[in-house]
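J.: Got chain A sorted already, so can you dock chain B onto it with the hints?
Taken in order, these protein sequences are the chains called A and B.
Per my numbering, the very first residue in the first sequence carries number 1; after that it's consecutive.
Per my numbering, the very first residue in the second sequence carries number 1; after that it's consecutive.
FYI, nobody ran anything at the bench for these hints, they're computed from the structure.
Bear in mind the structure is a predicted one, so any value in this text is a computation, not a measurement.
Treat each hint with caution, since some may be false.
Which copy is meant is left open, so a pair is good if it fits within one copy or across any two.
Said to hold, decoys possible - Derived SDA-like pairs (lysine to any residue); straight-line CA-CA distance at most 25 Å: (1) Lys362 <-> Ile318; (2) Lys267 <-> Ile351; (3) Lys188 <-> Gln138; (4) Lys312 <-> Gly33; (5) Lys182 <-> Tyr277; (6) Lys234 <-> Asn221; (7) Lys109 <-> Asp162; (8) Lys109 <-> Asp235; (9) Lys23 <-> Gly33; (10) Lys91 <-> Lys112; (11) Lys109 <-> Ile119; (12) Lys91 <-> Phe114; (13) Lys229 <-> Gly115; (14) Lys312 <-> Gly35; (15) Lys112 <-> Gly127; (16) Lys315 <-> Ser45; (17) Lys112 <-> Asn239; (18) Lys113 <-> Leu137; (19) Lys112 <-> Asn221.
Protein chains: 2
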Amino acid sequence: MSDFRIYNFSAGPSMLPLPVLEKAASEMTNCQGSGMSVMEMSHRSKVYDGIIKDTQERLRRVMNIPDNYKVLFLQGGATLQFSAIPLNLMKTGKADYAVTGHFAKSAAKEAKKFGTVSIAATTEETGFDHIPAQSELQLNADADYFYICANNTIYGTEWHYDPETPAGVPVVADMSSNILSKPIDVTKYGVIMAGAQKNMGPAGLTVVIVREDLLGNYRENMPQILDWKLMADKDSMPNTPPTYAIYILGLVLEWIESIGGLTEMQKMNEKKANLLYDYLDSTDFYKSVARPDSRSNMNVTFRTGNEELDAKFVKESIADGMTNLKGHRSVGGMRASIYNAMPLEGVEHLIAFMKKFEQENK
Amino acid sequence: MSDFRIYNFSAGPSMLPLPVLEKAASEMTNCQGSGMSVMEMSHRSKVYDGIIKDTQERLRRVMNIPDNYKVLFLQGGATLQFSAIPLNLMKTGKADYAVTGHFAKSAAKEAKKFGTVSIAATTEETGFDHIPAQSELQLNADADYFYICANNTIYGTEWHYDPETPAGVPVVADMSSNILSKPIDVTKYGVIMAGAQKNMGPAGLTVVIVREDLLGNYRENMPQILDWKLMADKDSMPNTPPTYAIYILGLVLEWIESIGGLTEMQKMNEKKANLLYDYLDSTDFYKSVARPDSRSNMNVTFRTGNEELDAKFVKESIADGMTNLKGHRSVGGMRASIYNAMPLEGVEHLIAFMKKFEQENK
Numbered sequence: 001m002s003d004f005r006i007y008n009f010s011a012g013p014s015m016l017p018l019p020v021l022e023k024a025a026s027e028m029t030n031c032q033g034s035g036m037s038v039m040e041m042s043h044r045s046k047v048y049d050g051i052i053k054d055t056q057e058r059l060r061r062v063m064n065i066p067d068n069y070k071v072l073f074l075q076g077g078a079t080l081q082f083s084a085i086p087l088n089l090m091k092t093g094k095a096d097y098a099v100t101g102h103f104a105k106s107a108a109k110e111a112k113k114f115g116t117v118s119i120a121a122t123t124e125e126t127g128f129d130h131i132p133a134q135s136e137l138q139l140n141a142d143a144d145y146f147y148i149c150a151n152n153t154i155y156g157t158e159w160h161y162d163p164e165t166p167a168g169v170p171v172v173a174d175m176s177s178n179i180l181s182k183p184i185d186v187t188k189y190g191v192i193m194a195g196a197q198k199n200m201g202p203a204g205l206t207v208v209i210v211r212e213d214l215l216g217n218y219r220e221n222m223p224q225i226l227d228w229k230l231m232a233d234k235d236s237m238p239n240t241p242p243t244y245a246i247y248i249l250g251l252v253l254e255w256i257e258s259i260g261g262l263t264e265m266q267k268m269n270e271k272k273a274n275l276l277y278d279y280l281d282s283t284d285f286y287k288s289v290a291r292p293d294s295r296s297n298m299n300v301t302f303r304t305g306n307e308e309l310d311a312k313f314v315k316e317s318i319a320d321g322m323t324n325l326k327g328h329r330s331v332g333g334m335r336a337s338i339y340n341a342m343p344l345e346g347v348e349h350l351i352a353f354m355k356k357f358e359q360e361n362k
Numbered sequence: 001m002s003d004f005r006i007y008n009f010s011a012g013p014s015m016l017p018l019p020v021l022e023k024a025a026s027e028m029t030n031c032q033g034s035g036m037s038v039m040e041m042s043h044r045s046k047v048y049d050g051i052i053k054d055t056q057e058r059l060r061r062v063m064n065i066p067d068n069y070k071v072l073f074l075q076g077g078a079t080l081q082f083s084a085i086p087l088n089l090m091k092t093g094k095a096d097y098a099v100t101g102h103f104a105k106s107a108a109k110e111a112k113k114f115g116t117v118s119i120a121a122t123t124e125e126t127g128f129d130h131i132p133a134q135s136e137l138q139l140n141a142d143a144d145y146f147y148i149c150a151n152n153t154i155y156g157t158e159w160h161y162d163p164e165t166p167a168g169v170p171v172v173a174d175m176s177s178n179i180l181s182k183p184i185d186v187t188k189y190g191v192i193m194a195g196a197q198k199n200m201g202p203a204g205l206t207v208v209i210v211r212e213d214l215l216g217n218y219r220e221n222m223p224q225i226l227d228w229k230l231m232a233d234k235d236s237m238p239n240t241p242p243t244y245a246i247y248i249l250g251l252v253l254e255w256i257e258s259i260g261g262l263t264e265m266q267k268m269n270e271k272k273a274n275l276l277y278d279y280l281d282s283t284d285f286y287k288s289v290a291r292p293d294s295r296s297n298m299n300v301t302f303r304t305g306n307e308e309l310d311a312k313f314v315k316e317s318i319a320d321g322m323t324n325l326k327g328h329r330s331v332g333g334m335r336a337s338i339y340n341a342m343p344l345e346g347v348e349h350l351i352a353f354m355k356k357f358e359q360e361n362k
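So that you can see chain A by itself, here it is in the shape it has in the complex (with noise of 0.2 Å):
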């Protein structure tokens, strides 16, 4: 197995911790003792299911989620759970939506074949580049749940406070792009969703964690999969679940759990980020995209004004042993994914690519 790594500034699927692969190289044909790989166990195998319990106790432990929370392992991407959401908890029809970037508001116009959905906020005047404050959001007192994408990918803006809500109204939160960064106060959410390729693991897991309380209000006739209650009530299994994806989210956990949970992880990505921030601050050759009251510590993003030397900045990064640093085509210029499995000297790598390249292009 050849060694070379390259720094992955993907924005998901993204870089995984080197020691879960290898660890998952490493059990790939014999995992356990068991004669054979995590792909080949039947989901209803004695070694399979304790995989599979091991990862949601590690997932309850690392993000401290209370025991009236069910842990949901699905698939179909945070997409699916677009649909998912409103069929689950529409209940009088009407939901409120923050609409802060492209999959929030994808989620909205999903929502809409179900029910009625209200804008609270909307930061798309801007080209998406904060996140509103509690005081600026609309919130309804009869609406059925409160909707938010915690950060946004594609602009770089992270929600920095949980949304306050009219009484007895959950947040609901798509936390695909920052779940596992930081400590959450999960009791301020309804629901955590999150598509697992960005800090959880390999793409085709999507993780619902949601409040007990808010099951058994799926709609009739519905698709049986999408049910959240059937779910929680099968273990996430009334049919075969991702079971190697599941696998692997374990192994991220044990590796969060080695270097001191989500205190310690949080510690690490602002340290990146805030040197990848100070820098952006310190020179005009390049612009930070997000305001700096709602820069996410995942996705830092970022241009020189000029797109010619955007491109140029891009051809020259790959050359120098970086990849995915092209922004989004709605945006442009650069972004830098961050995520968790991304090194501190990932970081330090960008920013001294930076300088020399604003020495030579200035």
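T.: Relative to chain A, chain B alone:
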């Protein structure tokens, strides 16, 4: 990496070819010189685009899929497709289902949420021990489709003919447990659907092969991710697909091509199944569950007729280096799932054990 491997007779997830697992392990931290695992690749990257296109081309080549069929890489298992099938295909709102086992029955039940389901045939009265003959099928000329489950893992039965339908009524087949086991005339089917976790790869990937003219009738105001037309238009990537599972499918297809394609695969599978059935027919000690004309080449079901003895068989088989031979609870007895990746030696090992067990217990 320990090299202990067990003969795993699981009904699914199930054995994968050892060369596939070994290649996956060797590429785990650096695939194709990219400096990253396939799990870490952006699904929009050039290298991953090569992987998914190559996988699709291999599948088309191996299965001889005509150009007027779309190949979709989906999530959610066959069970989510139980909903997607009526939602995509019901125009008049009527469909015919052949109920040949648990999963066919579940599919019919789910379809009833969305339209009128006629039972074209059911073999439930005889414990799902056979497949109905063409002459026994009650097919409606105005049905939107006719649904079958091509192989019934629990009972060990398999359709050994392609059913004929009234003009214009497409056959929809759940081939989860026998796809890639033999050549199939794809043109006899409107839709072929399969969860990957038997002959294709890891759980978490569902393949749908659909004739183009059947697309475009997805029901309004239903979850977007179940819309095959959307998936076809977006090359299975409106959102992130299960990237790693697709890569493993590619490796499995590479292995099938290396041994001579589906014609050779079928010969190997028939050899394994015939060995086992011939032995079962040669003794009174074991009773074959499925009717001879309907026997599956993938799942071989049998019993001693004595529950305690069956339990003893299962227990002792584990000590002899085999696993997952216990039959499904609804059938009892034993089940040997001998998919593509089960080597001939595994079946020979099982027969030797069966003979010894017979000698010791008759």
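J.: All hints are to be evaluated individually against the structure, with a verdict given for each.
T.: Hints and how they fare:
In this homomeric assembly, Lys362 and Ile318 come within 25 Å of each other (Cα to Cα) only inside a single copy, at 20 Å, whereas the closest approach across copies is 70 Å. Proximity of Lys267 and Ile351 under a CA criterion of 25 Å is satisfied intra-copy only: 19 Å inside one chain copy versus 59 Å between copies. Taking the shortest Cα distances, Lys188 and Gln138 sit within 25 Å of each other inside one copy (18 Å), while across copies they are farther apart (56 Å). Taking the closest pair of Cα atoms, Lys312 and Gly33 come within 25 Å of each other only across two copies (23 Å); inside a single copy the shortest separation is 50 Å, beyond that limit.
In this assembly of identical chains, the alpha carbons of Lys182 and Tyr277 lie at most 25 Å apart only when taken from the same copy (18 Å versus 58 Å across copies). With identical chains, the CA atoms of Lys234 and Asn221 are at most 25 Å apart within one copy only, with a shortest distance of 19 Å there and 27 Å across copies. In the homo-oligomer, the alpha carbons of Lys109 and Asp162 lie at most 25 Å apart inside one protomer (23 Å), although the nearest pairing across protomers, at 42 Å, exceeds that limit. With identical chains, the CA atoms of Lys109 and Asp235 are at most 25 Å apart between copies only, with a shortest distance of 22 Å across copies and 30 Å within one.
In this homomeric assembly, Lys23 and Gly33 come within 25 Å of each other (Cα to Cα) both inside a single copy, at 14 Å, and across copies, at 20 Å. With identical chains, the CA atoms of Lys91 and Lys112 are at most 25 Å apart both within one copy (14 Å) and between copies (24 Å). For a Cα distance limit of 25 Å, the shortest separation of Lys109 from Ile119 inside one copy, 11 Å, qualifies, whereas the shortest one across copies, 37 Å, does not. Taking the shortest alpha-carbon separations for Lys91 and Phe114, both the intra-copy value of 10 Å and the inter-copy value of 21 Å come in at or below 25 Å.
For a Cα distance limit of 25 Å, the shortest separation of Lys229 from Gly115 qualifies both inside one copy, at 20 Å, and across copies, at 24 Å. For a Cα distance limit of 25 Å, the shortest separation of Lys312 from Gly35 across copies, 22 Å, qualifies, whereas the shortest one inside one copy, 50 Å, does not. Taking the closest pair of Cα atoms, Lys112 and Gly127 come within 25 Å of each other only inside a single copy of the chain (23 Å); across copies the shortest separation is 45 Å, beyond that limit. Within a single copy, Lys315 and Ser45 get their C-alpha atoms only as close as 49 Å, which misses the 25 Å cut-off; across copies the closest is 14 Å, which meets it.
In the homo-oligomer, the alpha carbons of Lys112 and Asn239 lie at most 25 Å apart only across protomers (19 Å), although the nearest pairing inside one protomer, at 29 Å, exceeds that limit. Taking the closest pair of Cα atoms, Lys113 and Leu137 come within 25 Å of each other only inside a single copy of the chain (23 Å); across copies the shortest separation is 38 Å, beyond that limit. When the C-alpha separation of Lys112 and Asn221 is checked against a cutoff of 25 Å, the pair qualifies both within a copy, at 18 Å, and between copies, at 9 Å.
Going through the hint list in order, the structure satisfies each hint without exception.
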